[in-house]
Every structure is written in C-alpha cells, then in structure tokens.
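Colleague: Can you make the complete structure from the sequences, with help from the hints?
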Amino acid sequence: FLNTLPDNDFAMDYAGEPASVWQRKQRVHAPHPVQGTCLIFLDSQGLGASIAAQLADLGLACLNVTAGDSYAQLDATARSISPDESQDYRELAASQRAAAVRPDFILHLFGYEAGDSRRSSGELDGLLTLAQALEGSSPVKLLAVSRQARPVIAGEDMTYGRAAMSGVLRVLARETAGLDCAHVDIATTAPEVAATALVQELLTPSADRDIAFRDGQRWVAGLERVDLSATPPEFPFQRQGVYIFGGALG
Numbered sequence: 001f002l003n004t005l006p007d008n009d010f011a012m013d014y015a016g017e018p019a020s021v022w023q024r025k026q027r028v029h030a031p032h033p034v035q036g037t038c039l040i041f042l043d044s045q046g047l048g049a050s051i052a053a054q055l056a057d058l059g060l061a062c063l064n065v066t067a068g069d070s071y072a073q074l075d076a077t078a079r080s081i082s083p084d085e086s087q088d089y090r091e092l093a094a095s096q097r098a099a100a101v102r103p104d105f106i107l108h109l110f111g112y113e114a115g116d117s118r119r120s121s122g123e124l125d126g127l128l129t130l131a132q133a134l135e136g137s138s139p140v141k142l143l144a145v146s147r148q149a150r151p152v153i154a155g156e157d158m159t160y161g162r163a164a165m166s167g168v169l170r171v172l173a174r175e176t177a178g179l180d181c182a183h184v185d186i187a188t189t190a191p192e193v194a195a196t197a198l199v200q201e202l203l204t205p206s207a208d209r210d211i212a213f214r215d216g217q218r219w220v221a222g223l224e225r226v227d228l229s230a231t232p233p234e235f236p237f238q239r240q241g242v243y244i245f246g247g248a249l250g
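Under the working numbering, think of the first position of the sequence shown as 1, with each following residue one higher.
Note that these hints are calculated values from the structure, not bench results.
Check each hint, because a few of them may be wrong.
Distance ranges between label pairs, derived from CB positions [as the list claims (entries may be wrong)]:
1. 138 - 245: 45 to 53 angstroms
2. 164 - 32: 24 to 32 angstroms
3. 26 - 69: 39 to 47 angstroms
4. 69 - 243: 52 to 60 angstroms
5. 245 - 101: 48 to 56 angstroms
6. 164 - 222: 15 to 23 angstroms
These numbers come from a predicted model, not from an experiment.
The C-beta atom is built at its ideal place from N, Cα and C for all residues, glycine as well.
Modeller: Pasting the structure below:
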C-alpha cells in the first residue's frame, strides 16, 4: 500500500483500503481522430446500436456481438455469444485471430442490461477470458459499461450484482499487458444521450478508471485526502472494557 501511494493520509474504508470519493470532473482532453476496429458487445436497449452508428460515421469499423444461446457467426460484421459462457469468448477471440483482425477498442455493454444481474458472474469470467486472449497484442482500450452499479449519489438504487465489475477491471489493467481498462456506470437515460457520452469516453485519452454519468454530469472516483493535523475523533472503546468481535474479524 505504501509503495503505491506517495502519502498515507487518505480516508480509509472499513477494510483498511483507500476509500473512493465521487467528484464531478470534466474531461481534460478532446476526443482524438482515430482509425481501427471496435468490438461492441451490444445491449438490447439500443445503446450499442446508437454507438455503432456514431463510430461508423467517424470512420471506425465495428464488429457487433449480440447475446444469444451460443457462439455463432451471423455475418461478416456480426457475431453472437452466450454472455455467461467463457468458451464463447474464446471462440470469438479465435475467430478474430483467424481473420487477422485485432480490435483497437472494446465496448462491453452486456452489463448495461436493466435488472438482469443473474449472469453477472459469467460476464466477468467472459471479460477475464477475453483479456487473456488479447494479452500480448497491440494496445487495446476496453470500456465496460454498467447501469447504476456504483453508489455515486446518496439514496439512488443500485444493481448490486454488477458491483464487482470495477474491481475486476482494475486487476485486468494491471495484469494484462497492452490493455487499457475503464469502467463507466450510467443511470437510466435515453440511449442516444448516453451513446454520445460513451463515444467521447472511448475516444478520449484519460487516466480516469472509475467513471459515472448522472443527470448529464460526469463523475470520477478518486481518493480523498484527510487532514492528519486535525483533532482525531474520540476512540470508541473504553480502557479495560470487554468487547466481542464476530464475523470477518474472527
């Protein structure tokens, strides 16, 4: 921990890890003109289709992947996979290698499906499988999108089944060479509005890894520095008191 942060005066969570704090933050850079191929795992709400149309207008080739029962090649630019089957991701990656096509961008929208968190574990396994298949290739930017899986604003509803996605992406970014990962969480909004924000996020160089959009505002998770010189709060335990700790603390 001390080797990864310049100081240790950051707010901590209950597990002793740096606590994330959500703050509004605009993009520092403008989207760059790009060329290449984008692999899009389409949702059923129309968000992915709107993004694919915008990317095509910008000159990017898109390979669209829809959720189905098993892997299938539908046509030259469309595939189908079962979102919670790792083998389907392997077959998809193998077909890309056979065609000598390496994606420059990956947009994963299966996590955007409203109210369907039962397959979230399989989706994460699929992302891991896909990342392993891409390891050692040319640089790839992966943007994984969820719907209200992060508690950005107090009191809002959450899709708890996909709350682990951000942590998985952090690990992938550190352990997979050439893979640039970011997690974007979006609240319920019109697909065409969300599409523009995601296209800009995909094509804009950024060091932000945990991003959320709420009511048209861009939020980023970061660390909150605390003032260690301030008077510390009163310690909750009394001297010579007797306490019982249960659960994860033993």
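Colleague: Compare the structure with each hint and give your call.
Modeller: Hints, verified against the model:
1. Evaluation of the 45 to 53 angstroms hint for residue 138 and residue 245 yields a pass: the beta carbon distance comes to about 50 angstroms.
2. A hinted range of 24 to 32 angstroms for the beta carbons of residue 164 and residue 32 is consistent with their spacing of about 31 angstroms.
3. Taking 39 to 47 angstroms as the suggested C-beta distance range, the pair residue 26 and residue 69 conforms, at roughly 42 angstroms.
4. Between residue 69 and residue 243 the beta carbons are some 54 angstroms apart, a value that agrees with the proposed interval 52 to 60 angstroms.
5. Between residue 245 and residue 101 the beta carbons are some 55 angstroms apart, a value that agrees with the proposed interval 48 to 56 angstroms.
6. Checked against the hint of 15 to 23 angstroms, the C-beta distance between residue 164 and residue 222 comes to roughly 20 angstroms, which is consistent with it.
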